[in-house]
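Visitor: Going down the list, the protein sequences come from chains A and B.
Under my numbering, the first sequence has 81 at position 81, and the numbering climbs by one with no breaks.
Under my numbering, the second sequence has 26 at position 26, and the numbering climbs by one with no breaks.
Don't read these hints as lab results, they were simulated from the structure.
Glycine residues also receive a C-beta, built at the ideal position from the N, C-alpha and C atoms.
Be a bit skeptical, because a hint or two may be false.
What the hints assert, rightly or not - Going by beta-carbon spacing under 10 Å, a handful of chain A positions derived as facing chain B:
hint, residue
1, Phe7
2, Leu8
3, His78
4, Gln79
5, Arg87
6, Tyr95
7, Leu118
8, Ala119
What the hints assert, rightly or not - Chain A side only, calculated, beta carbon under 10 Å to chain B, not exhaustive:
hint, residue
9, Asp26
10, Cys55
11, Thr58
12, Leu98
13, Glu159
14, Val195
15, Asp198
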Amino acid sequence: MTEPADFLLAVEGLSVSFDGFKAVDDLSFYVDANEIRVIIGPNGAGKTTVLDLICGRTRASAGSVRFRGRELTRLKEHQIVQAGVGRKFQTPSIYEELTVFENLEISFPRGRSVFGALAFRRDEAVRERVREIASLIFLEPMLGERAEALSHGQKQWLEIGMLLIQDPALLMLDEPVAGMSVSERRKTAELLRRVLRDRAVLVIEHDMGFVEDIAHRVTVLHQGRVLSEGSMQHVKADPKVVEVYLGH
Amino acid sequence: MTESTFSRKDLIGVLTFAALILVVLPMALDPFRLNLVGKYLTYGFVALGLVLSWGDAGILSLGQGIFFGLGGYCMAMFLKLEASTPAATKIQSTPGIPDFMDWNQLTALPWFWRPFHSLAFTIAAVPLVPALLAFVIGLAMFKRRVGGTYFAIITQAIAAILTILIIGQQGYTGGVNGITDLRTLLGWDIRTDHAKLVLYFISGGLLIACLVAAQTVRRSKLGRILLAMREREDRVRFSGYDVANFKIFVFCVAAALAGIGGAMFTLQVGFMSPSFVGIVPSIELVIFAAVGGRSSLLGALYGTLLVNWAKTTFSEDLPQLWLLAMGAMFIAVVVLFPNGLAGLVQDRLAPLLARLRPQRPELQQVAPAAVDASNQGVAR
């Protein structure tokens, strides 16, 4: 790597517009390795679009996303995943017809080509890793169940587990505690704190208690631009932020 | 937690089907009826492919007749060349070429016919030519993320185009009549009752081999990825898989299976014509699989046999009613039992049987994964 700065993720001048509407407008921010960064902002600020741009779901019209020195904007979705970026969607996105075990197994990073998948064998390494992740996400007793039988919170955990099994260097979570009960929320915060070590995390969240609980730094988005950035205390005290977001 | 390629249930299912088509039917039916069943079985190859591509991966092709036809034409070209020896065609102005070419003023064998002098080449071409076309279509469609209804319409358009092409290029293809008057395979007369019996068993054996192969694909991680893709394509993509490659693969496999079916059809029926390539036969093939159950390999095979048996029976007694009956059947499948006969058996009959049967103690000690595996056996 010849990158002078050791940022894990460097987003620079990123823009995208849909039918003339600039959803993300000349956005720049940087994430360190092992940093937990939370993105907050009012509805329509472009939070989810930023994650979509990083993981390749939406193509940027300008700007760059460099991850470990690699330009991501030119890669396809699966190549971005293989480069080490994991993405959790807002609504639980799991395979309802498959068992919890199979959900995790599909996410296990081996045999990702067509013929690799045909030749894939469920060996001890796979089983052990699946069990390890399952116990982390409180689902070990449910391994044989079909995923459709899980509660909403458990589905969210399962999707987090499906990302963890890939061992990504950057994990992107879109509202991981939305729709969860109070006790599930507490458990999720505990889960995230445990698994978020040794990797960078980019989280979108509205729940301010949860944000304060986990964030190292906070980026406030407004109309596709960075409104404010820094520690939670700093951001909370920023009058611009109070005006457009927190004050309401 | 052992991953079993074959559960006991699968094995019993395959063996029952094998016993039916290789023992029961040959004993119960006269040669004429058995030859008809042999014809139905060739549609079974297509049904297997449709279960993989449509039932599992959610790719509905309304053009499987294309691949069935291509496989059939490959075989027909070989047989036609064998039947067109200079001695047998000496009254033609150009002896040694197929009769329809001579009628269309062709004076030499076209270049793409020449390799079909070789049986080895023909046998390779039967699955590979359809798979190659499927690969090109798949590459063009799936890499651009064309799917669902659009894909179905495009396959239908290709079926129409291919039919028009075959009919239009009479001198090269035999036109609307197709390739007829096929006689021998390496000197062995395929028109006798005995030959038809032998071909029936070859066809049945091949079908079972393909069934087992399809089962193996479904039991692999690739099979689970297909299901996952149908449900959450994005999630699969964001788990690091190139979704288009998996679609192309399964579409090619379905095409190759259809091609094998087409070749066995040509051998048993003795000709191949564009009437098996176009839109109507392609949709019929989908109906066979849908009635049996698009999520069950065995269901689709039984469905194919049943619908065709009904078609023959109706056509003999009430030919004008058959189209209506088929339409009604398709609507019934879509509206009333979307998983076909297999779904009906699984949802209605299986719970009934389970209630009748006393609880066996050893069943309760099975590990969760094993229970899951057997559940899947039912579901599939």
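Visitor: For each hint, tell me whether it holds in the structure or not.
Guide: A quick look at each hint next to the structure:
{"no.": "1", "hint": "Phe7", "result": "violated, 23 Å"}
{"no.": "2", "hint": "Leu8", "result": "violated, 19 Å"}
{"no.": "3", "hint": "His78", "result": "holds, 5 Å"}
{"no.": "4", "hint": "Gln79", "result": "holds, 8 Å"}
{"no.": "5", "hint": "Arg87", "result": "holds, 5 Å"}
{"no.": "6", "hint": "Tyr95", "result": "holds, 4 Å"}
{"no.": "7", "hint": "Leu118", "result": "holds, 5 Å"}
{"no.": "8", "hint": "Ala119", "result": "holds, 8 Å"}
{"no.": "9", "hint": "Asp26", "result": "violated, 26 Å"}
{"no.": "10", "hint": "Cys55", "result": "holds, 6 Å"}
{"no.": "11", "hint": "Thr58", "result": "violated, 12 Å"}
{"no.": "12", "hint": "Leu98", "result": "holds, 6 Å"}
{"no.": "13", "hint": "Glu159", "result": "holds, 8 Å"}
{"no.": "14", "hint": "Val195", "result": "violated, 17 Å"}
{"no.": "15", "hint": "Asp198", "result": "violated, 20 Å"}
Of the hints listed earlier, those the structure fails to meet are numbers 1, 2, 9, 11, 14, 15, in rising order.
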